[in-house]
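Sequence order for the protein chains is A and B.
Following my numbering, the numbering of the first sequence begins with 1 at its first residue and continues without gaps.
Following my numbering, the numbering of the second sequence begins with 1 at its first residue and continues without gaps.
Any given hint could turn out to be false.
In silico SDA-like cross-links for lysine to any residue, where the CA-CA straight-line distance does not exceed 20 angstroms [unchecked claim]:
no.: 1; chain 1: A; residue 1: Lys-196; chain 2: B; residue 2: Asp-127
no.: 2; chain 1: B; residue 1: Lys-175; chain 2: A; residue 2: Leu-185
no.: 3; chain 1: A; residue 1: Lys-88; chain 2: B; residue 2: Lys-175
no.: 4; chain 1: B; residue 1: Lys-175; chain 2: A; residue 2: Asn-190
No lab work stands behind these hints: they were computed from the structure.
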Amino acid sequence: MKRLFGEFLKGIIRENPTFVLLLGLCPTLAVSVTVINGIGMGIAATFVLLGSNIIIAMIKNTIPERVRIPCYIVVIATFVTITELLMKAYSPALNRALGIYVPLIVVNCIVLGRAEAYASKNSVKNSFLDGLGMGVGFTLALILISGIREFLGAGKLMGQTIVKGFEPAFVLGMPSGALLVIGLLLGFFNVLKNRKT
Amino acid sequence: MTLAHFLTIFISAVFVYNVILSRFLGLCSFIAISKQTKPALAMSLAVMFVTTMSSIITWLIYRFLLVPFNLEYLRTISFILVIATFVQFVEMVIRKISPPMYRFFGIYLPLITVNCAVLGVAVLNIDMFFINGKAVQGSFYYSAFQGICVGLGYTLAMLLMSGIRERLELCNVPKAVKDFPLGFVIAAIMSLSFLGFNGFKF
C-alpha cells in the first residue's frame, strides 16, 4: 500500500513534471494568466494523462515495438479529442480562454513522456496512480504559477480582488511575465535543493 | 488576397505573436537546444521546413477530407498523425539522399514531431483561415505563408537566444540559476522587448 502511495506521490514533488522534469512548459506558460484557466488546463491534462496511461498499460503487450510511438499518439489524441468536445459542450468559456492549447495537449511532452517511460512498462494500477500523481503535480504547478501571475499582474485571485488599492504589475499578465515567473521559481527551487544537500 | 494581407501575416507571426516568445510553442526545444548557435540553426531550419510543409498538408487534409465528410472533430488526431508520418518520411529521405545533411539535422528531426509549434501552426491556420467550416478566399496561400513565417519567427528567437547563451558561458553566474532558470529569465527579457512590436497590431 505504501509503495502504491509512493507511485502517486512522486509526481507531486520529487518528479514534478513542471519544475523537476521541465516537461509540458508550453501550456503551463501560455494559460497561466488566471488561476481558473490554470486549474482548467490542469484538469484537462490530468484526464488525458490518466486515460492514456491506463489504455497504454492495457495494450502494451499487443503493440509492436517499432510502431509504438504512433500508437501512443493515437491513444493520446483520442483522449484529447474527448476532452476538447466535452469542454466545448460544458464550459465554452474555458474552451475559448484556453484556445489552441486544448488540442495542443497532444504534444504536451508529459503525456507522451509518461506513456513511453512508465505506462509501457508497468501494470495498469501503477500506471493509473502514476498518471494521477503526475496530473496533480502538473495542476499544482499551474496553480502556483497562475496564482503568482494573477495576484501580482491583476491584483486578484480566482477573479476576486484580494488587496484593495494594490497597483498591479501589468507585465506579469503578459507572456514575458510567465517566463520571468518560471525562471525565478526554478532558481528558487534550485536554491532550496542546494541547501538540502 | 492582397499584399497587405501577407504583410500582416508576416509581421504578426514573426514579431507580434512570435511562436516562442509570445505563444510559447516549441519552448522545450528552445530552452534545450539553444546553447550553441550551430545546432540552434539546424533545429530552426528543420522546424521551418516542417512547419511550412505541414501547414500545406494539413490544410489540404482539412479542406478536402475532413470538411466534406463532416469529420472536423478528428482534426487533432489526423493532424498529429500526418505530422508524425511526414517527419519520419523526411528523415528517411534525408538519410538516403544526403548523409552530411542527415548528420546536420539527424537528431533534431524526430524531436520535431512533439514540437508544439508544428501542430500549433496547423491548428492556428484552421482557426484563422476557416470561417464556419468554409475556407476564406486565398486561405491556402495564407496558411502556407503563415507556416513559413512561424518558422522564421522560431529561427529569429532561436538565433538571438543562442547568441546570448554562448556569451553567458563565459560569465560567472550563481549556481542556482545556471542553465535553465537563467535561460527563462533571458527569454522573459527578450519577450518584453518583442512587446514593442505590439504597436503593429492590425
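A quick look at each hint next to the structure:
1. For the hint linking Lys-196 of chain A to Asp-127 of chain B, the alpha-carbon distance of about 48 angstroms lies beyond 20 angstroms, and the restraint is violated.
2. Of the pairs offered as hints, the one joining Lys-175 of chain B and Leu-185 of chain A holds, with about 14 angstroms between alpha carbons and a cut-off of 20 angstroms not exceeded.
3. Straight-line distance between C-alpha atoms of Lys-88 of chain A and Lys-175 of chain B comes to about 45 angstroms, which puts the hinted pair past the 20 angstroms bound.
4. Between Lys-175 of chain B and Asn-190 of chain A the CA atoms are separated by roughly 8 angstroms; this keeps the pair inside 20 angstroms, and the hint holds.
The structure fails to meet hints 1, 3 from the earlier list, while all remaining hints are met.
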